[in-house]
Amino acid sequence: MSGDAATAANATSTTLPRIDAAAGPGDGPGHEPPLMGLGASLSPADARAKTEGTFPYAADLWAEGLLWASVLRSPHPHARILSIDTSAAAAMPGVRAVVTHEDVPGDSNYGRRVVDRPVFASELVRHHGEPIAAVAADHPDTARLAAAAIAVEYEVLEPVTDPEKAFAAEPLHPDGNLIRHIPLRYGDAEATGEIIVEGLYRIGRQDPAPIGAEAGLAVPRPDGGVEIYTASTDPHTDRDLAAACFGLEPDRVKVVVTGVPGATGDREDPGFQIPLGLLALRTGCPVKLAATREESFLGHAHRHPTLLRYRHHADADGRLVKVEAQILLDAGAYADASSESLAAAVAFACGPYVVPHAFIEGWAVRTNNPPSGHVRGEGAMQVCAAYEGQMDKLAARLGIDPAELRLRNALSTGDILPTGQTVTCPAPVAELLRAVRDAPLPALPKDTPEDDWLLPGGPEGAGEPGAVRRGVGYGVGMVHMLGAEGADEVSTATVRVHDGVATVICAAVETGQGFTTLARQVVQEVLGIDEVHVAAVDTDQPPAGPATHGRHTWVSGGAVERAAKMVRTQLLQPLAHKFGMSTELLQIADGKITSYDGVLSTTVMEAMDGKELWATAQCRPHPTEPLDESGQGDAFVGLAFCAVRAVVDVDIELGSIRVVEMAVAQDVGRVLNPAQLAIRIEAGITQGIGAALTENLRTARGLIRHPDLTGYALPTSLDAPDIRIVKLVEERDVVAPFGAKPVSAVPVVTAPAAVASAVRSATGRPVNRLPVRPQAAVVTPKG
Amino acid sequence: MTLPASLDEAVAALEVMPAAVPVAGGTDLMAAVNKGLLRPSGLVGLGRISELRGWHYQDGHALLGAGLTHARMGRPDFAALIPALAASARAAGPPQIRNAGTLGGNIATSAPTGDALPVLAALEAELVVAGPGGARREIPVSHLLAGREMLAPAELIGFVRVPLLHAPQVFLKATGRTGPGRATASVAIVLDPARRGVRCAVGAIAPMPLRPLEAERWIASLIDWDGERGLAPDALAAFGEYVAAACIPDHAPPADGSEAPPLSPAVLHLRRTVAALARRALGRALS
Chain A
1 MSGDAATAAN ATSTTLPRID AAAGPGDGPG HEPPLMGLGA SLSPADARAK TEGTFPYAAD
61 LWAEGLLWAS VLRSPHPHAR ILSIDTSAAA AMPGVRAVVT HEDVPGDSNY GRRVVDRPVF
121 ASELVRHHGE PIAAVAADHP DTARLAAAAI AVEYEVLEPV TDPEKAFAAE PLHPDGNLIR
181 HIPLRYGDAE ATGEIIVEGL YRIGRQDPAP IGAEAGLAVP RPDGGVEIYT ASTDPHTDRD
241 LAAACFGLEP DRVKVVVTGV PGATGDREDP GFQIPLGLLA LRTGCPVKLA ATREESFLGH
301 AHRHPTLLRY RHHADADGRL VKVEAQILLD AGAYADASSE SLAAAVAFAC GPYVVPHAFI
361 EGWAVRTNNP PSGHVRGEGA MQVCAAYEGQ MDKLAARLGI DPAELRLRNA LSTGDILPTG
421 QTVTCPAPVA ELLRAVRDAP LPALPKDTPE DDWLLPGGPE GAGEPGAVRR GVGYGVGMVH
481 MLGAEGADEV STATVRVHDG VATVICAAVE TGQGFTTLAR QVVQEVLGID EVHVAAVDTD
541 QPPAGPATHG RHTWVSGGAV ERAAKMVRTQ LLQPLAHKFG MSTELLQIAD GKITSYDGVL
601 STTVMEAMDG KELWATAQCR PHPTEPLDES GQGDAFVGLA FCAVRAVVDV DIELGSIRVV
661 EMAVAQDVGR VLNPAQLAIR IEAGITQGIG AALTENLRTA RGLIRHPDLT GYALPTSLDA
721 PDIRIVKLVE ERDVVAPFGA KPVSAVPVVT APAAVASAVR SATGRPVNRL PVRPQAAVVT
781 PKG
Chain B
784 MTLPASLDEA VAALEVMPAA VPVAGGTDLM AAVNKGLLRP SGLVGLGRIS ELRGWHYQDG
844 HALLGAGLTH ARMGRPDFAA LIPALAASAR AAGPPQIRNA GTLGGNIATS APTGDALPVL
904 AALEAELVVA GPGGARREIP VSHLLAGREM LAPAELIGFV RVPLLHAPQV FLKATGRTGP
964 GRATASVAIV LDPARRGVRC AVGAIAPMPL RPLEAERWIA SLIDWDGERG LAPDALAAFG
1024 EYVAAACIPD HAPPADGSEA PPLSPAVLHL RRTVAALARR ALGRALS
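Heads up: the sequence lines are chains A and B, in that order. Letter by letter, the first sequence follows residues 1 to 783 in our numbering. Letter by letter, the second sequence follows residues 784 to 1070 in our numbering.
Incorrect hints may have been included.
[Claimed, not checked] Now the stretches of chain B that chain A is said to cover, found in silico as 3 or more residues with beta-carbon under 8 Å:
1) 811–823
2) 865–875
[Unchecked claim] Take a look, some chain B residues computed to stay more than 12 Å from chain A by CB distance:
3) 828
4) 831
5) 833
6) 846
7) 861
8) 882
9) 891
10) 938
11) 944
12) 959
13) 962
14) 964
15) 997
16) 1023
17) 1048
By construction, these hints were calculated from the structure, which means they are not laboratory data. Beta carbons: idealized from backbone N, C-alpha and C, even for Gly.
Put together the whole structure using the sequences plus the hints.
Shown next as structure tokens:
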């Protein structure tokens, strides 16, 4: 939900959000926050339209004479397809085309990261909801009925749904069931600690559950190509995949990015776009698809359900000696982002702590469960819940305060990760932890609480003050920024200035993360121009890469800055020459160019002299390398850290839990937009609370049980606690553009661990499964 | 779609179009239509029938219009009449649902998690069903929910007859989140001082609300109806256990005399939840 929540919240926030006085610079006494440029709380340009409901998303698009698409999906998680008979569907009046695997002219498989996934299942169905066929008809109901009229004969097979059994099971895919295995070895295998704690942790299947379901419009082009209008977060990759499946050159396919109605993972899955484009090419008509909520749950990737076994060794003072872990990721039927998720899970398996010896085995395996993929904080979030559970266990065993135990082991700059990579970026872990520990606790409810105490279970719930216990818990988390293990992270941006107005052209997709606002701020900062527009994204622009891992703040923001600086040089060079000084000694502000001493001055308009200035630049951070066969390597460009203190109320008879407050301290490098930063943290924390308490897409023998927003309970405004940002550490990361770190993922990673820790403290129960089930938070009276 | 202005006109419209489906708030019906589960060939809209949207009094009872929305029932004037029904209406979902969803719709849908249903069961409410030609017949709500009596074609739930007991009533519901959610279990407790009775119904754990009649009679016998009415905590706890065990019994021992298999942890948790809800609800009703 967070992408949407963030967008909606963005739209309404015109004032600064709650950030404690101690928080960031720019908030200090006598330091007015700027109104434009970096550090300003600029509002998104589309805020008003989104608030008023006039902003067009893909589901709102229309074209003359359009047809409607519907996709037939498998009702079985594992089955052999014996026959597909489309004749009844094709004969229905109003049906214009029916396509199956036989009608895919190019590659029959696709995959954003690993090409292992059929556009339409041909012989074998590997998960519930896998596409079998698609229909285009002149009415959405006709399309749906026709899809239902396609007769598919299945031989139902036993599904492999337990990832532990996937190793020995018959291969579910020609690529085999083991997608990746990383045996990380670091230090001395024989090392042991005086104190040993063990734990088994299970993390459920979180869905990105975007508020806007998948939708798109495909329009055939006169040249035999096709244009696809959809909320893609990685348009160039999607274009290339679609073109390969259509058997077309990539330049004949154009992906035009529409408004993105919520994206905390990848969207739109090419499994929606490719059938759509295929139908448009087949019929020669525009074709529209608007997925139902059920199709949305069936058709996109989820967070990896994970099983984790841990053994922590520590000395008597609580200093970690060795961590041993086994991590098993359920990838579902197809590989998707499982390899990267596993790398993150293994690399961060010990958390932001100094660990001299680490032995971590990680596997990602194929099953007949719904496919897992990129959801922000993937891999890192699951291990955070586990290693923080271990830290709580260790603290309890040693009788040390849980925050103190974490402080004794806190990682800092210069320490070495278990992957052998030295932490070169700021890593203020101890400072973050102290900030949340020392923040004042929320007041306890008054003696007559009914009026002003929101009990677990809600305002009309069954909560009883006498049965409610309060708990305080901690979570410290880390996440990598940008693609890892040698991914070529590059973005290209163009800045144009004409007539006192700047335009940014960059294919970085605004997903709610605030890229378009950041791009405006960057240009304002460099060129001093107030009015900046950001062009809509399509694949005719140079690629900017996927909107994941906070990369657009870094690489696309960096590319915009470089392009703007090149324009600045073009603008100032003649003047500098005339004044006889270098361009660095000239300043641009309020439409005026002034020399450093204020003596010489002219207006921007005059300096432009009616000219149009263009510049294009790229940003490519330093390269990384893949983890080797023992899990060693400099795999990450940078790391971000966060500490959270959760305060929860638990009704220990019913097991109902309400998060009262989340105190957050985060390592942000530099605050670029205080309002958006706070919103991103609040959204991330809320998504984390969902993963901790309610969000679990349940399956039974591979079948998704409740693919709707009643069965899949997202946090509501009543479930979202007070989120207090108690500290933003602004230690600039010297290798990052502006020194800023991406901020959205690390709160998602850390919040579930903190909530689980607080429930542990309230109930004394182990809490080793997320989301926390009510029966795990019940305290039974003795006996 | 037709929009009749009276109950009899609506019945007549259903007679003309037997395949048509009556629709009031549409909170369940339209969700089913949008999911493609239901394709009604016609709709008879009940939203314009003003006689169904209020209530009137009759022999110590309230005759509640089937078109009363949850939002209306949640208001204080209604809560003063039938407190448990008002509480269930306030818990029935987010404001958008409460503004549209109706009492009659909650009964007609008969979802196990319908929040009004255990309250109506505890109140022993009767349905006034309108049929062709101005006919009216009464069905106990429990008969309809249990499938003992069904609505005939072209019949509509017109009113719900509920006794006015002038005594405390409590509805409690356990859910998975703090925001609106479906009940995992719910309990309605109604005191009937005139008949010296306690009536209890448990919702959401079975296809229809369950009445633990023995537990009701036992606890009613312990209450000093002419005095303070309070009960010791032990008695309240025992009542909770009694209700829970009655509604979620142990497995029957197998015929060979061996021990019955234990209940699963999830079922045991549900039983504990019902016990806690029943204990709390009775405690609040008697305090």
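Point to revise | Interface-negative label, residue 882 of chain B against chain A, beta-carbon threshold 12 Å | key: holds (16 Å)
Point to revise | Whether residue 938 of chain B stays farther than 12 Å from all C-beta atoms of chain A, as the label says | key: Holds, since 29 Å exceeds 12 Å.
Check your understanding: Taking C-beta pairs only, is residue 959 of chain B more than 12 Å away from all of chain A?
Key -> violated (6 Å)
**Study point:** No chain A beta carbon within 12 Å of residue 944 of chain B's
**Key:** Fine: 25 Å to the nearest Cβ keeps residue 944 of chain B off the interface.
Exercise for review: Quick one: work out the minimum CB distance from residue 833 of chain B to chain A and report holds if it exceeds 12 Å, violated otherwise.
Suggested key: Holds, because the least Cβ-Cβ distance between residue 833 of chain B and chain A comes to about 28 Å, which exceeds 12 Å.
Point to revise | Minimum Cβ distance from residue 861 of chain B to chain A greater than 12 Å, as the annotation requires | key: holds (14 Å)
Practice item. Examine each Cβ of chain A, and state whether all of them lie more than 12 Å from the Cβ of residue 846 of chain B. Key: holds (26 Å)
Check your understanding: Does the no-contact call for residue 828 of chain B survive, Cβ to all of chain A over 12 Å?
Key -> holds (21 Å)
Check your understanding: Taking the closest pair, is the beta carbon of residue 1048 of chain B still more than 12 Å from chain A?
Key -> violated (6 Å)
Point to revise | Beyond 12 Å from every chain A Cβ - status for residue 964 of chain B | key: violated (6 Å)
Check your understanding: Are there at least three residues in the stretch 865–875 of chain B whose beta carbon sits under 8 Å from a beta carbon of chain A?
Key -> Result for this restraint: holds, n = 3.
Exercise for review: Mind verifying the non-interface call on residue 997 of chain B? Its CB should be farther than 12 Å from each CB in chain A.
Suggested key: Holds: least Cβ distance 23 Å, greater than 12 Å.
Going down the numbered hints, you'll see the structure goes against 12, 13, 14, 16 and 17, while the others check out.
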